[in-house]
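Chains as they are written, first to last, in our numbering: chain G, 1 to 380; chain A, 1 to 380.
It is worth saying that the hints were derived from the structure and are not from the lab. Treat the hints with care, since some could be wrong.
Treat identical chains as interchangeable: a pair holds within one or across any two.
[Stated by the list, open to error] The calculated lysine-lysine pairs, modelled on DSS-like cross-linking and capped at a C-alpha distance of 27 Å, are:
1. Lys322 - Lys127
2. Lys40 - Lys3
3. Lys223 - Lys322
4. Lys322 - Lys40
5. Lys127 - Lys148
6. Lys3 - Lys148
Protein chains: 2
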Amino acid sequence: MFKFELQAQSGQARAGVLYTPHGAIPTPVFAPVGTQATVKAMQPRELYELGATLILANTYHLYLRPSDGLIARLGGLHRFMAWERPILTDSGGFQVFSLDALRRIDDDGVTFRSHLDGSIHRFTPEKSIQIQHNLGADIIMCFDDCPKPHNRDEVRAACDRTHAWAVRCLEEHTRSGDPARQALFGIVQGGIFPDLRAESVRFLTDLDFVGYAIGGLAVGESKAEMLATLDCTVPLLPADRPRYLMGVGSPEDLVNGVARGVDIFDCVLPTRMARHGAALTRHGRLNMRNLEHAEDSAPIEASCTCYTCAHFSRAYLRHLVKSNELLGHQLLTLHNLHLLLTLMREMRAAILAGTFEIYAANFLATYRTTNKEAPAPTSL
Amino acid sequence: MFKFELQAQSGQARAGVLYTPHGAIPTPVFAPVGTQATVKAMQPRELYELGATLILANTYHLYLRPSDGLIARLGGLHRFMAWERPILTDSGGFQVFSLDALRRIDDDGVTFRSHLDGSIHRFTPEKSIQIQHNLGADIIMCFDDCPKPHNRDEVRAACDRTHAWAVRCLEEHTRSGDPARQALFGIVQGGIFPDLRAESVRFLTDLDFVGYAIGGLAVGESKAEMLATLDCTVPLLPADRPRYLMGVGSPEDLVNGVARGVDIFDCVLPTRMARHGAALTRHGRLNMRNLEHAEDSAPIEASCTCYTCAHFSRAYLRHLVKSNELLGHQLLTLHNLHLLLTLMREMRAAILAGTFEIYAANFLATYRTTNKEAPAPTSL
């Protein structure tokens with residue numbers, strides 16, 4: 001069964017535990033993304049070692065390949081990918097809406113072409129929930145309409161659709177699902193408009209979901225707009241339910257999100273950056289291809305305790321990246337995830353100690369934001 | 001210091017220990033290939049876990065990128081790649097001779113173009129040894145001329161050149177190297193011609209190398225020719241020196257090589273096959289892309305104790321391979337190396353128990369050779 005236990009608050013920041021059928025998730029928590037039923041370049045045992053307690057998988061991708069039916073016949077997603085801890089699946093909505101020219105939306109659902117073979121498919125709220133039942137994640141999401149955040153008319157229409165679909169998702173989950181096995185979260189929309197966000201919160205909280213996601217952010221708005229939207233939305237959410245900011249995961253965004261009362265995050269940033277040859281650090285981002293690292297015998301971060309930093313120099317990592325060696329992806333992924341998961345644990349400890357505001361201020365004071373640091377959308 | 005200790009013999013098969021500055025290597029041994037200072041997709045800790053005691057790195061590749069000078073300045077290859085156990089480097093000869101149109105050979109050395117940027121370089125026996133000194137492997141190889149095995153005139157000319165170069169390599173190693181830190185092996189050539197092989201053995205053993213490699217095999221000759229050449233060459237080599245069959249590593253070739261008295265092997269086969277989506281098993285090779293695996297909940301091999309087989313189904317591995325996920329490369333590489341390293345340990349135990357001939361006969365009786373099973377050349 002699901003239970004969310006709030007343990008401490010420091011300012012708006014919260015520490016808690018979300019209990020699920022596959023174990024307890026201490027919050028605040030960052031979920032590495034395992035789009036195709038694998039967190040890219042990481043073995044489950046490595047993720048356990050890093051202390052990952054929750055991962056995300058993508059409904060759109062797994063529906064297309066290898067198919068949710070196959071995964072169900074093989075015992076569900078946990079068993080399929082040999083991951084014994086909690087999993088969260090998205091609804092497929094964001095992915096399908098990201099297909100641009102390849103999709104057509106109506107009030108009943110979305111028709112789209114597969115990016116793999118061009119075949120035509122249709123998602124409805126009911127279908128998304130049924131697929132997520134087949135996958136068997138602990139936390140599943142409502143199928144929502146995720147618009148660009150700045151056009152008020154579009155955002156309002158998307159809110160109306162999202163709300164109608166939330167009702168249908170809840171009905172489908174109640175009808176054919178097992179709420180003791182899978183918890184359904186609602187998704188708040190409303191773009192950058194405080195009144196629409198408030199209206200969306202009111203509508204969804206009336207439906208009484210196990211948790212609430214803040215959707216429609218990290219999709220092209222400015223940092224200031226994202227934080228302002230959190231400021232006006234999060235306080236309206238019920239304190240006794242977990243809050244999930246979708247698609248956010250740069251170090252500074254995690255700190256700013258926790259400071260505003262968010263409990264759950266996911267993002268492809270640490271894994272994707274690694275494959276692009278970038279290392280995340282407490283002082284900003286390093287491009288490991290840069291010549292300055294060529295003969296540098298120091299690790300990525302001297303203070304880091306990850307396997308990569310304990311054994312390998314920047315010079316070696318640069319060599320691997322320049323040589324397109326798979327080990328480069330692996331070692332950088334491991335380091336980047338280690339940093340974010342450590343950051344989450346440090347924030348949780350600070351909240352429990354009542355020192356979060358000092359911790360956050362110190363972290364942000366030494367963290368160097370680059371232009372590239374804008375939140376990375378979860379793309380295909 | 002180096003010492004080779006022969007512990008037992010079972011038929012022609014030998015069990016021994018080769019002591020090196022970075023530890024003891026129980027033989028017979030298979031060395032995974034780490035061309036660019038990384039065994040592709042494998043962390044050193046994973047190779048330790050698999051029981052790898054020796055790896056090979058390629059002089060040609062590391063000379064070009066990141067350069068042997070850089071590796072020397074960073075403390076040598078062991079430190080650069082964080083590998084604490086013994087390393088063997090080839091001479092670069094085979095790689096340079098494989099460049100086809102890009103190289104010109106004369107009696108003094110080889111001029112070639114880099115496959116990376118087209119720049120022109122020159123290897124001589126002295127240069128090869130100097131590069132290998134910079135890399136700092138425990139076992140280093142003479143620079144040799146490696147011809148196609150069937151043309152007697154070409155093979156004879158290559159033998160003459162190989163012998164002259166062996167003298168120069170030994171002189172350079174004596175002059176500028178540290179024989180207590182690095183052991184130089186000679187390489188026997190002679191193609192498929194028994195008299196040329198015998199002549200090559202005589203010439204090289206007169207020079208008194210620490211160990212002897214059998215070169216010029218696994219380069220296009222038939223299986224029968226390879227085994228016949230081993231049959232006529234290995235017995236001529238001194239019993240108190242380790243014997244190394246270069247570039248060989250399919251399961252049946254390892255068994256047949258050990259049966260003929262070979263102590264050391266290396267091959268890209270297990271790592272390369274993994275990246276092509278193939279799993280090695282005790283009963284032959286599996287193409288993990290095949291539809292037959294789509295819903296198969298069984299592991300690659302039910303009897304296998306590797307991490308991959310303990311946790312993941314064929315269906316999941318097929319999904320990873322079909323989806324081009326890095327984890328597919330990693331898990332198949334891990335399994336394939338586990339099989340070959342386990343096979344070597346089993347053969348060693350059988351030799352020590354005096355039961356090698358039964359073991360080998362049983363293994364070969366159940367191992368299904370496919371057409372693809374011809375030895376894979378160590379290419380670029």
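Results of checking the hints against the structure:
no.: 1; hint: Lys322 - Lys127; result: between (44 Å within a copy, 25 Å between copies)
no.: 2; hint: Lys40 - Lys3; result: neither (30 Å within a copy, 44 Å between copies)
no.: 3; hint: Lys223 - Lys322; result: neither (32 Å within a copy, 38 Å between copies)
no.: 4; hint: Lys322 - Lys40; result: both (19 Å within a copy, 14 Å between copies)
no.: 5; hint: Lys127 - Lys148; result: within (24 Å within a copy, 62 Å between copies)
no.: 6; hint: Lys3 - Lys148; result: neither (33 Å within a copy, 70 Å between copies)
In this structure, the earlier hints numbered 2, 3 and 6 are contradicted, and the remaining ones agree with it.
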